[in-house]
Amino acid sequence: MTSTRQALRQRITHGPTLWCGGAQDALSALLVDQSDFDGIFSTGFGISAALLGQPDMELYTLSENVATVNRMANVVRKPIFVDADTGYGGVLNVGRAVREFEKAGAAALQLEDQISPKRCPAATPTSTLVSMDDALARIKAALDARTDPDLVIVARTDAQDPAEALERAARYAEAGADLIQPISRTFGSYEQLVQLREACGRRLSLMLMAGTWMTALTREQIESVAAIASYPIAGLLTTVHTVQANLRELARRRSGDFSDLPFAQTPMADFKDLIGWHALEERQALYETGGTR
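Numbering of the sequence shown is given in numbering that gives the first Met the number 0, commencing with residue 0 and proceeding in unit increments.
Honestly, the hints are just simulated from the structure, not real lab data.
Don't take each hint at face value.
To be verified - Taking CB as the label site, the calculated pair distances span:
hint	residue 1	residue 2	range
1	Val-129	Trp-212	23 to 29 Å
2	Asp-35	Ala-268	34 to 40 Å
3	Ser-258	Val-129	52 to 58 Å
4	Thr-288	Ser-254	17 to 23 Å
5	Ala-66	Ser-223	36 to 42 Å
6	Pro-116	Gly-275	34 to 40 Å
7	His-240	Thr-125	39 to 45 Å
8	Arg-251	Arg-76	38 to 44 Å
9	Ala-66	Ser-188	35 to 41 Å
10	Thr-288	Ser-34	33 to 39 Å
11	Ser-258	Gln-53	52 to 58 Å
12	Glu-281	Thr-127	52 to 58 Å
13	Thr-146	Arg-76	19 to 25 Å
Stated by the list, open to error - Cut-off 30 Å, straight-line C-alpha distance, at most; resulting in silico cross-link-like pairs (BS3-like, lysine-lysine):
hint	residue 1	residue 2
14	Lys-102	Lys-139
15	Lys-117	Lys-139
16	Lys-102	Lys-117
Glycine is no exception: its CB is placed at the ideal position from the N, C-alpha and C atoms.
Based on the provided sequences and hints, a complete structural model is requested.
So, in structure tokens, the structure goes:
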């Protein structure tokens, strides 16, 4: 894991943009890992939906989030960028959260400056922020809690006033945050993202979602300002859409006919390959016959 973090730190400092696909559980992380993405973003929005079937309102616990990240890390090789929400309490809780995510296999994590319980900006129009001093304390606690200095700390500001977002970003960078992440509704143009990067002296982390102005950004524009660019919930929403459509059609048919569904199913053989079925069968057979490796 140290080598993965070292490679990630080198990349966000000097290398090309790290493009991440969103994942909410081990299976979706495995899909991202086997795709052409560079890394995996562990989305809190998705974890809350997949684990609890409920909104991203800080209903799931630190332990549940850490366990999800650990299950992802057990099956992937690419770096995992973790949504650490608000750090799950005060500064001591932030420190514990960082250590737990580090042990679970995170290569990077983001911390927000909302109050707790937070509200996901993708789904709610407003949010309340902690004071500047409290936000800086969270960042410092996170930095001090790292046992691996290559663990990347991303400071997210949910400030919706551009001037406040610029000020917070600059202060968070001064405190030692590796990257700065804005929310999409704060800024409305590429030029403003350039201004944000210049104001904080850090490369950015961007979350790309349908229905926001950021859909107008080109790859070249994104890569000129961002060290990390993620599609946090594209996979989740695609899954919901396709599953709903197929279930709706199967419920209508109520027969053994699987032909011409709205979306083709993955063949069972391909799915078994995806989850490593054959490798485990071979290992089991080896032990059952008394063999060794």
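Each hint tested on the structure:
Under the hint 23 to 29 Å, the C-beta atoms of Val-129 and Trp-212, about 26 Å apart, fit the expected range. For Asp-35 and Ala-268, the hinted distance range of 34 to 40 Å is not satisfied, since their beta carbons lie about 22 Å from each other. Our hint of 52 to 58 Å for Ser-258 and Val-129 holds, since their Cβ atoms are close to 55 Å apart. For Thr-288 and Ser-254, the Cβ-Cβ distance of about 43 Å falls outside the hinted range of 17 to 23 Å, so the restraint is violated.
At roughly 37 Å, the beta carbons of Ala-66 and Ser-223 sit within the given window of 36 to 42 Å. Pro-116 and Gly-275 have their C-beta atoms about 37 Å apart, which keeps the hinted 34 to 40 Å range intact. Evaluation of the 39 to 45 Å hint for His-240 and Thr-125 yields a failure: the beta carbon distance comes to about 28 Å. For the pair Arg-251 and Arg-76, the supplied restraint of 38 to 44 Å holds, since their beta-carbon distance comes to about 41 Å.
The supplied range of 35 to 41 Å is met by Ala-66 and Ser-188, whose beta-carbon atoms lie about 40 Å from each other. The supplied range of 33 to 39 Å is met by Thr-288 and Ser-34, whose beta-carbon atoms lie about 36 Å from each other. Taking 52 to 58 Å as the suggested C-beta distance range, the pair Ser-258 and Gln-53 does not conform, at roughly 36 Å. Restraint check, Glu-281 to Thr-127: a C-beta distance of roughly 54 Å satisfies the suggested window 52 to 58 Å.
Here the CB-CB span from Thr-146 to Arg-76 is close to 22 Å, well matched to the stated 19 to 25 Å. For the proposed pair Lys-102 and Lys-139, the alpha carbon gap of about 19 Å is at most 30 Å, so the pair holds. As the CA atoms of Lys-117 and Lys-139 are separated by approximately 20 Å, the hinted pair is consistent with the 30 Å bound. Taken as a hint, the Lys-102 and Lys-117 pair is honoured in the structure, with Cα atoms around 24 Å apart against an allowance of 30 Å.
The structure shown violates the earlier hints numbered 2, 4, 7, 11.
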